[in-house]
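Chemist: Sequence:
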Amino acid sequence: MRPDDARLDMSFRRVLADFSLDVTLLLPGRGVTAIFGPSGSGKTSLLRSIAGLERAGAGRLVVNGEVWQDDAKGIFRPVYQRPLGFVFQEASLFSHLDVRGNLDYGLRRVPMSQRRVSLDQAIELLGIERLLQRQPGTLSGGERQRVA
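All the letters of the sequence shown, read from the start, carry residue numbers 432 to 579 under the numbering used here.
These are computed hints drawn from the structure, not numbers from a lab.
With a Cα cut of at most 25 Å, we get these calculated SDA-like pairs of lysine to any residue:
no., residue 1, residue 2
1, K474, L457
2, K474, S442
3, K504, L515
4, K474, S523
5, K504, L452
6, K474, G496
7, K504, L456
8, K474, F443
9, K474, A489
10, K474, Y511
11, K504, V493
12, K474, R491
13, K474, G572
14, K504, R479
15, K474, F450
Now the in silico label distances, taken between C-beta atoms and shown as ranges:
no., residue 1, residue 2, range
16, I506, T455, 16 to 24 Å
17, I506, G532, 25 to 33 Å
18, G505, S470, 27 to 35 Å
19, R461, Q552, 30 to 38 Å
20, V493, S571, 36 to 44 Å
21, G573, R461, 35 to 43 Å
22, D453, L556, 42 to 50 Å
23, G505, F450, 20 to 28 Å
24, I466, R539, 24 to 32 Å
25, R444, P542, 33 to 41 Å
26, R561, G496, 43 to 51 Å
The structure displayed is predicted, hence computed values, not measured ones. Each residue gets a CB set at the ideal place from its N, CA and C atoms; glycine is no exception.
Model the full structure from these sequences, guided by the hints.
Modeler: Listed below in structure tokens is the structure:
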């Protein structure tokens, strides 16, 4: 696929606690797209849905011709099968993985040729050796930030 052909095509409706988020997007695969709006308008929910961290609700998400979610057909591509990065505004970790599992997950997404330090070096540098077997829910805010 050529970069000019790349795109994100999304249409969904998601009912949240106090409002409905209706989204219809057709975004180019290159350049910069900004998503902005007031607090609580659904920006984070939209991005988490694209990443696969939350189900988008009733709808469809197609990226570069690949269907990542289609509720009518029962398709949902899990987060670990979506080749994209996401920078969280909070220190989010996968709750079903311990600290080492979260670190391993992140490391697997970086090609060997781009790795600057080993996992053991990063663990030592961050001073998180004693946290490796712990679940994210047992970490303090500062510990979560270091792991994330």
